[in-house]
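Construct the complete structure from the given sequences, taking the supplied hints into account.
These protein sequences, in sequence, are chains Y and A. When we follow this note's numbering, the leftmost residue of the first sequence carries the number 1, and every step to the right adds one. When we follow this note's numbering, the leftmost residue of the second sequence carries the number 1001, and every step to the right adds one.
Because the hints were derived from the structure by calculation, they are not lab data. We treat Cβ as the ideally placed atom computed from N, Cα and C, and that holds for glycine. Careful, some of the hints might be misleading.
[Said to hold, decoys possible] With a straight-line Cα cutoff of 30 angstroms, these simulated DSS-like cross-link-like pairs (lysine-lysine) come out: (1) A:Lys1191 with Y:Lys20; (2) Y:Lys311 with A:Lys1191; (3) Y:Lys256 with A:Lys1223; (4) A:Lys1251 with Y:Lys256; (5) Y:Lys3 with A:Lys1181; (6) A:Lys1256 with Y:Lys127; (7) Y:Lys53 with A:Lys1174; (8) Y:Lys256 with A:Lys1034; (9) A:Lys1191 with A:Lys1256; (10) A:Lys1034 with A:Lys1350; (11) A:Lys1034 with Y:Lys223; (12) Y:Lys31 with A:Lys1223.
[As the list claims (entries may be wrong)] From chain Y, some residues computed to sit far from chain A (all C-beta separations above 12 angstroms): (13) Pro318; (14) Cys363; (15) Arg386; (16) Thr432; (17) Ile481; (18) Ser497; (19) Glu510; (20) Val547; (21) Ala571.
As a plain string of letters, each chain reads:
Protein chains: 2
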Amino acid sequence: MIKEYIDAAISRRQCDTVLKNARYADVFCGKLRKGDIAICGDRIVGVGKYRGKVEYDLNGKIVLPGFIDAHVHIESSKLSPEGFASIVVPRGTVTVIADPHEITNVCGEEGAKYVAAAAERTPLEVKLMLPSCVPATPFETSGATLSGGDIQRLIAENAFYGLGEFMNYPAVIKGDGEAVKKLEAAHAQGKACDGHAPALHGKALNAYLCGGIITDHECEGKKEIEEKLSKGMYVALRHGSTARNIQADGKVVNAKNYRRFLICTDDRHASDICEYGHIDDALRTAVAAGVDPLRAVTMATLNAAECYGLKWRGAVAPFYFADLAVVDDLEDFCVTHVFKNGKLVAERGKPLFDAAEKYIPDCVKDTVHIGTVTADEFKIALKGTRAKAITLTGGSIVTGCETVELPSLNGDVNIADMQILKLAVLERHKLTGNIGLGLLKGYGFHGGAVGLTVAHDSHNMLIVGDDNRSMAKVARELAQIGGGMAVYDRKQDEMLSVPLDIGGIMSSAEPAELVAASEKIYARAYVMGVKPEVDAFLSLAFMSLAVVPRLKLLDTGLFDVEKFAFTDINAD
Amino acid sequence: MIKEYIDAAISRRQCDTVLKNARYADVFCGKLRKGDIAICGDRIVGVGKYRGKVEYDLNGKIVLPGFIDAHVHIESSKLSPEGFASIVVPRGTVTVIADPHEITNVCGEEGAKYVAAAAERTPLEVKLMLPSCVPATPFETSGATLSGGDIQRLIAENAFYGLGEFMNYPAVIKGDGEAVKKLEAAHAQGKACDGHAPALHGKALNAYLCGGIITDHECEGKKEIEEKLSKGMYVALRHGSTARNIQADGKVVNAKNYRRFLICTDDRHASDICEYGHIDDALRTAVAAGVDPLRAVTMATLNAAECYGLKWRGAVAPFYFADLAVVDDLEDFCVTHVFKNGKLVAERGKPLFDAAEKYIPDCVKDTVHIGTVTADEFKIALKGTRAKAITLTGGSIVTGCETVELPSLNGDVNIADMQILKLAVLERHKLTGNIGLGLLKGYGFHGGAVGLTVAHDSHNMLIVGDDNRSMAKVARELAQIGGGMAVYDRKQDEMLSVPLDIGGIMSSAEPAELVAASEKIYARAYVMGVKPEVDAFLSLAFMSLAVVPRLKLLDTGLFDVEKFAFTDINAD
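Now the structure itself:
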């Protein structure tokens, strides 16, 4: 193809597409420049004066390199990769560094590969990072396990672009054999290793970095960010649905250090993407927070391309792939046209590709396996009257542990009028019949039960309720719909549910459909008393994440994260 | 090794070497920071407070990443790779991107590989770029030819890190088949392609870049540099023996664009390296010209590592290779200690490695092959009295063409008292007996002959003189010493010569010895009238470079570069 590019660049041959009268971001010099942008096949061949078979008069609009999300779990959108692509591509995101950690915990390596295979049917370029920590802890029952040996085998495959965020940082710092094996395997293949190192600093950070880890997106505040940058990490500012630090940490970005910043979304729901946007919204937020617009754009384009070795991506220049996002200005970042590999793939917020038909291989179907569930299984028989309860605070995934005093009746706790709910985690992958039981404070719901099969990181079935019968009903509903979210209203005797038919964590529905169904079920949960500051479903999804303090519930029992050991529900 | 690095970083295991009380360049944030620098094996494992088996108290000295020369022809030093390493490593240069274009023109692919094999015996890391344009033109006789097919085969070898500067830019712009074949072969292997594009701009530059070329070191002035940066090229500021633009172009470097600047030496003689320095001198010059010191350092370290994909090189940070240059300050850049892969390899300007024994394979030995040369062969029989002469201007490799009027005698031009000299190029690789004859103005020598076997790019034997006998004598001397430089003083009947026994272009002598011998022969040439503003030998070395205007002499005859065709010496 080089011959064609050269011929088009010198105008011996007509270009395929020319964006006339454009302004464009020169991310190498941090300037806006003017010119026509000439495209031949999949690449930009020149900037200057050009004619093309197809011409778009941009009339001074601004052409940016297509956006790169430096770290995302597509599953967190709750959409299929096709559905995800259909809402992020029109926002200008054309490449994502995706860690399919959630679906891999459910379905193993086939789940990971499914994400890329499904995305391949869309213009979204998915660079797949092999999940490094499946399961998150050895204490729970996940759908799959990737051992050091599995990582050694898989990281050599072309399917995997690098090793996903190494969340188990204590293992790296300890020099744990399995952790080292995984990292060495990635390095042997010359593949990048993403990091996850909240609050790590000093020698512990040095040790973690000696695993050859290049990024962190769990970074907050000037001090932490500067130390990580200075030690060679690329720092990704995050613009997820819950974790968002661009507004606060945008001020740390300056002329001298901005080349090492990235932008990522990590976990962002379909509803937020549909309502506010994706990387475009991150850019808007960054500029509103005072980040120089071209610097912000560079973070979301060239920097990510350099960090991950995405050759000829991330800039508007000859021989670069024609991945472009056209915006009206550098304040609102309203994306009007999106090109991927030279093709117009979205216009005025609408995808120009068909994402309706979904690729759903057998490995991600029918993943919810529980036996017959009866109300009695939710009985909590205490030895005395004092028990440990998990306390939930709105806006945080860190929980507390509180000792509560509560009566019992017929071999079960009596939580009526207690502001305390029952929490249950039912193993749903392997029919072990495991059920972990606990108590929850701070959620604020009554009159039935709420449940979901999205529960980090093993994604077992998590149910909260104030009576055993309602909880059993929700469990059966979730099993019947193949996983998803459900709420049962005892007074109305009404069950509302949203199927997440892909691995029990993602929906094959169209984004608008999923968003509408979610709104309905969320609304009911709030009507039933969930505190306004608490996310009715997402907050629950973190109640079994045993790597975030303090008290969590696994399918195998109540877990004290600080002691990294199980703990008895009886407080005495 | 990861386990050992981690253990050392967290101080579970003692570090091998610790640089105590250091200041160090944080090239990620453009700051000087303080701390101990801990080394385990070949890598830095941490910055902070550390103890080591060996400790150096730096007492506030500044630790920089080891310097990377982004583009160099080692042959231009006239030293063997070992000799070159012995003088640049103590100056802080630990990695070079080397294009062995000269030795390859003489000895072919074996010559190229020799450079890396010889350097391997030293701590200098040589990343070998496969010469892309051998020979420079199809009109002359070189020692070797690398066809598109050869490039396809060789670029796939691990020995070659990338494709060397693509000097034949007209061929790229034309979309010439062989040029495209070479570039496509490099891209197919994912290897970098260096550029060489003096004054190219606009669509011609776009077309050149569509060859997938990433750098340029032939760049001068704000306008040209900015266009090249904006189109994605890394621009190398050059600090060679003749071409030097850091002082003038340092002011183009600013906060927004400096990440895309590199520093290179291209062609720098042993004498300049010994007297002034190497990249250290470039940094000194840059800072004196007003470039921010940490920006200058970043250009010579991290930027080059990023440009060429040198993983974990170019910074002082955990897991980076311990390639370090310790300097007293950021003004004089006086290098006191140099570490390569964690080992102290030079101290106070002296190498701590043995470079005395040279690796000289047969392929680079005995490369000067000419038959019996008699004085008569230098006769120039004109048809009339008017002839074309090459005019030489001090400090420039661009020549002119002047028509001169001169008498003849016995079938030879009579140049006595004419300020005109005879110029001859004798093919010296393949015993073809080719001899190109011409006239030279502007050199300013009389009383004998000067000759050398360094003549870009084919490195035939080039002789200048004012009588045929002296010229023949010099030719025979050069053949006898296996190539080199020689001057014959007719009045004293004295021959001075410096052997360049490696390919006729490099010396196996120690640097000091070569510098002293060169000084002697240069002194004699100036005594014999070479104009002070003209480099007595190097200026001649460009008289046969048929890719630089205007009139040049090849072994095959007089060549008009602008017409890109041979031309008759007779002016009428």
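Query - Hint numbers not upheld by this structure, sorted from lowest to highest - result: 1 and 13
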